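Participant: These are the residues of each chain, in order.
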Amino acid sequence: MTIVSAERMAKIFVEVADTLVDDFDLIDFLHMLTDRAADLVSAASVGLLLADQHGRLEFMAGSNENVKLVELFQLQNHEGPCLEAFRTAVPVINVNLGEAGGRWPQFAPRATAAGFQSVHAFPLRLRHQVIGALNVFGGTKGGDLEDTDVPVMQALADVAAIGLLQERAIRRGEHLTEQLQGALNSRIVIEQAKGAVAQAVGVDVDEAFALIRGYARRHNRKLTDVARAFVTDPAVLARVLRD
Amino acid sequence: MYDRAAVIKDLILRQPDGSGGSDGLLRRVCDVAAQELAASGVGISVITEDGVRGASAASDPVSERIEELQFVFGEGPCIDAFASRRPVLISDLGDLVNGADGRWPFYAPAAHADGLRAVFAFPLQIGAARLGALDVFRDRAGPLTDAQLTDALTFTDVTVTALLDRQAQRATGGHADIDDGAEYRAELFQAQGMVMVQLGVTLAEAMVRIRAYAYTEDRRLSDVTRDVVARRLRFDHDER
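These protein sequence lines map, in sequence, to chains A and B. Residue numbers 1 to 243, in the working numbering, belong to the letters of the first sequence in order. Residue numbers 1001 to 1240, in the working numbering, belong to the letters of the second sequence in order.
No lab work stands behind these hints, which were simulated from the structure alone. Everything numeric in this text was worked out from a predicted model, so none of it was measured. Treat the hints with care, as some may be off.
[Said to hold, decoys possible] List time: in silico SDA-like cross-link candidates among lysine to any residue, alpha-carbon distance up to 20 Å:
hint, chain 1, residue 1, chain 2, residue 2
1, B, Lys1009, B, Gly1024
2, A, Lys68, B, Ser1222
3, A, Lys68, B, Arg1231
4, A, Lys68, B, Asp1223
[Stated by the list, open to error] In silico contact screen, one side only, chain B against chain A (beta carbon under 8 Å); selected entries:
hint, residue
5, Leu1089
6, Ala1147
7, Gln1148
8, Thr1150
9, Gln1192
10, Met1196
11, Leu1199
12, Val1229
Note that beta-carbon positions come from the ideal geometry of N, C-alpha and C, so glycine has one too.
Model the full assembly from the supplied sequences, consistent with the hints where possible.
Facilitator: Given below as structure tokens:
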């Protein structure tokens, strides 16, 4: 993969800083980070997982979000780079999926079948805790991360963790658990809305997500708020059908 | 790792019904949660989407009063947890009574006078569907341990499922225990949204209908929801 230029890095961190000072939508923010992470190292796909109270990794956002890819992320509750990064707090870097069948007998062949050649995972660290993982998939042979890419990707993972605390932490010194639970529940709302829109419009859930995201952007609204409106107010859902 | 939910479920099932006119199932949850979380008491309030309080229960008369007070004053941890859709963890209520941040100006001193020192409130919800909140009360200040926090969140999950199942059993007239173990959880939530639109009902009602169907057909919940997402099963014309 290509070496990250200082200029591109600076742009991303300005964008991050811009977001963090405002009232922002966490899921949107995490989507932005996964998009930028994928661009930076020319990765095929980047996804972000957060652990729930049982230590189960839940998919939160991805640079592209299709059913097959989400399944690959979720499979990692049994085995895979994210689980390893989550448990050890150490990045997993440059694993050739074609040779990883022994290490991850279920995950490696499924990831290969999905068209990926290499995989990496970075722990989401917050103080002494690991709260999730950033997963990077490479699509082409030789798609390894350079030495200089590694701290950059870890920095993006750290920024994601900070964003999680930042979302509402300014208010009344809220705890990490309060934030995490809110974030995990927001993701559920988005899945429910994908189902509702898919049914109402007659598209598949991947297209439904694109519709919800597009609607939020056009109306300059937070992704989670739009998703919630779709599943709590039938009138809003009817409006999107005419939109 | 997830067996704790099964253990908690079992404890609730085996707990004898408490006396008094409060809701039997919710009362049992409160009693077991109070024991397991080393709390002086636990209260649960079912709240409708527009904020109206429905069924409620508490492990003891003092907790019942502290729970009630929130609805008298229209403020408190349970109301905030419901509104903000996330837990509200107050490990020292004294800070609020003495502090200048003005949170719960009526509830905080009143509950403090009743002996409350710490309170932890958890929304009962699945995504956008909200059913109420569960409050853990303590007569001493101090945070929940990590293990207690995890347990408290498991109690809220079990309570949500129990509330949905009770409605599903009323709908089917039967008693059943369905297999909840879904590997691919996104599908479960997507199916809820789809059935909501198919039937023109609320999200919570859609969840009840899906569970009732799984009971009646004696199928795993994850199999039913997979069929819904794959459009092999619709609820608006071929249910039952």
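Participant: Check each numbered hint against the structure and report the violated ones by number, ascending.
Facilitator: 6, 7, 11
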